[in-house]
Structures are given as structure tokens and as C-alpha cells.
Amino acid sequence: MATLTDPTNATRATPNIPLEQAIFHIGSSTFISAPSQEVWAALTNTSTWPSWNTFVPRITIRSQPASDPSPSTSAPDPTPASTSTSTSTPTETTLSPILQKGTKFTLHVRMDSTSTKPQPSKDIHALVSECSAPNAETGQGGRIVWIADAEAPGAFASSLLQAERVHEFTAVEGGTEVRNWEAQNGWLAYVVRWMYGVKLQNAFDLWVADLKGFVEGSDAAA
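Numbering of the sequence shown is given in the UniProt record's numbering, commencing with residue 1 and proceeding in unit increments.
Just so you know, these hints were derived from the structure itself, not from any lab.
Don't take each hint at face value.
Unchecked claim - Pairs of lysine-lysine, DSSO-like flavour, derived with a Cα cap of 30 Å: (1) K104 <-> K199; (2) K104 <-> K122; (3) K199 <-> K122; (4) K117 <-> K101; (5) K101 <-> K199; (6) K117 <-> K199.
Go ahead and model the full structure; you've got the sequences and the hints to work with.
Structure (C-alpha cells):
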């Protein structure tokens with residue numbers, strides 16, 4: 001198994017938020033004993049999230065890009081087009097659950113992921129700004145980036161809060177190195193860090209642990 005260096009990804013900037021400008025920065029990493037294509041499929045196919053994602057057990061796809069994604073930017077959609085992770089309106093049920101560049105979606109977050117008690121979700125609106133699937137033939141890793149969608153109804157203006165999150169998947173001997181980090185700036189980032197910093201770091205650690213358990217469990221059952 002590969003040894004992970006910089007497991008919190010503290011030295012990694014996001015595409016648009018340099019480290020020196022990040023008011024709040026968190027991250028987590030893990031090693032998954034499965035091909036990167038399987039890990040990628042589990043993360044980008046949001047219909048799987050209720051099966052493994054304790055932090056975000058539900059997601060709503062608000063819109064998908066009009067044109068079909070190219071093979072280099074999206075994993076195949078293994079689910080019928082009518083499948084959705086949300087049943088809010090008939091329109092939403094026609095949208096693919098696969099994240100791709102241009103997808104607008106809402107994460108329904110459970111801030112206290114360790115609690116078994118019912119709790120209201122916190123809605124985070126996001127937009128996929130970058131999406132490149134892993135390529136087994138070339139050995140190229142996968143990468144998906146999403147940002148806070150300031151144009152979504154009820155979202156904070158970008159002048160108040162900017163948030164950008166990166167997921168990277170690198171094929172290594174015996175499996176896949178998974179990295180996950182987020183940077184925030186804007187004055188509201190101070191509030192997020194103060195109120196939720198510890199909880200979010202725990203949630204990021206849980207995110208990769210949940211993904212690892214789901215993918216390795218599915219791989220073992222296959």
C-alpha cells in the first residue's frame with residue numbers, strides 16, 4: 001500500500017484560491033484498494049451517495065449542461081435517465097445523477113455527521129467547474145472541482161464567500177490514492193472556520209473513509 005504524504009493536503013491550493021489567500025483550508029486523503037475508475041464512478045454517480053456518504057446523504061441535481069459530455073470529462077452513466085437522488089419535482093427526475101463539467105447541484109449536508117438523531121440539512125449550492133475522468137490506458141489520474149454557486153437562489157454573493165473543492169484520484173500500485181481538499185476566502189470564511197472548522201475537518205475525514213468502505217466493499221462483493 002502506498003504511503004500518503006501530506007494527508008491533509010495543506011500544501012495544495014485550489015485552481016482559483018492560492019494558499020496565501022485561503023482563510024480556511026481543510027483536506028483529507030486515503031488509499032483505496034480498487035482501480036481509480038471504480039472510485040471515480042462512486043463519487044461522480046451521485047445516486048450512490050445515500051449508500052455511503054454520511055456527511056452528504058442526499059443531493060439534488062439542479063441542472064446539467066445541454067450538450068452530452070465527452071468521454072474525457074465524464075464517467076459512463078450506469079443508471080437510467082429517470083433515476084434521481086431527489087424526488088422534489090418531475091423535472092429533476094429526468095436529470096442524470098452523474099457529475100460532469102457544468103453540473104449545478106445542491107448538497108444537503110448533515111453538519112453533525114456523528115449524530116444518529118434527525119437534524120435539518122444545510123443546503124450548499126455548487127457548480128462543477130472542472131471534470132476529467134481517470135484514463136486506465138494512459139495512467140492519467142482523475143480530477144473534479146466544484147465551486148460555490150453564487151448564482152443559485154439563496155446563495156451567498158462571491159464577494160462574501162468563495163469556496164472551491166478539489167477531488168483527485170491517482171492510480172498507484174495496488175489501488176488508488178484519493179485526495180480531497182477545499183479552500184475558502186471572503187469574510188464569511190472566518191465565520192465558517194470559527195463555527196464549523198472542527199466539524200468540517202471531521203466530515204472530510206469521514207467522507208474519504210466512507211468512500212473507501214463503499215468501494216472496497218463493492219469490489220469484494222463483485
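Verification of the supplied hints:
1. Of the pairs offered as hints, the one joining K104 and K199 holds, with about 25 Å between alpha carbons and a cut-off of 30 Å not exceeded.
2. Using a Cα cut-off of 30 Å, the hinted pair K104 and K122 holds, with the two alpha carbons roughly 17 Å apart.
3. Between K199 and K122 the CA atoms are separated by roughly 13 Å; this keeps the pair inside 30 Å, and the hint holds.
4. Among the hinted pairs, K117 with K101 is inconsistent with the structure: their alpha-carbon atoms are about 35 Å apart, more than 30 Å.
5. With a C-alpha separation of about 28 Å, the suggested pair K101 and K199 falls inside the 30 Å cut-off, and the hint holds.
6. Between K117 and K199 the alpha-carbon distance is near 16 Å, which keeps this suggested pair within the 30 Å criterion.
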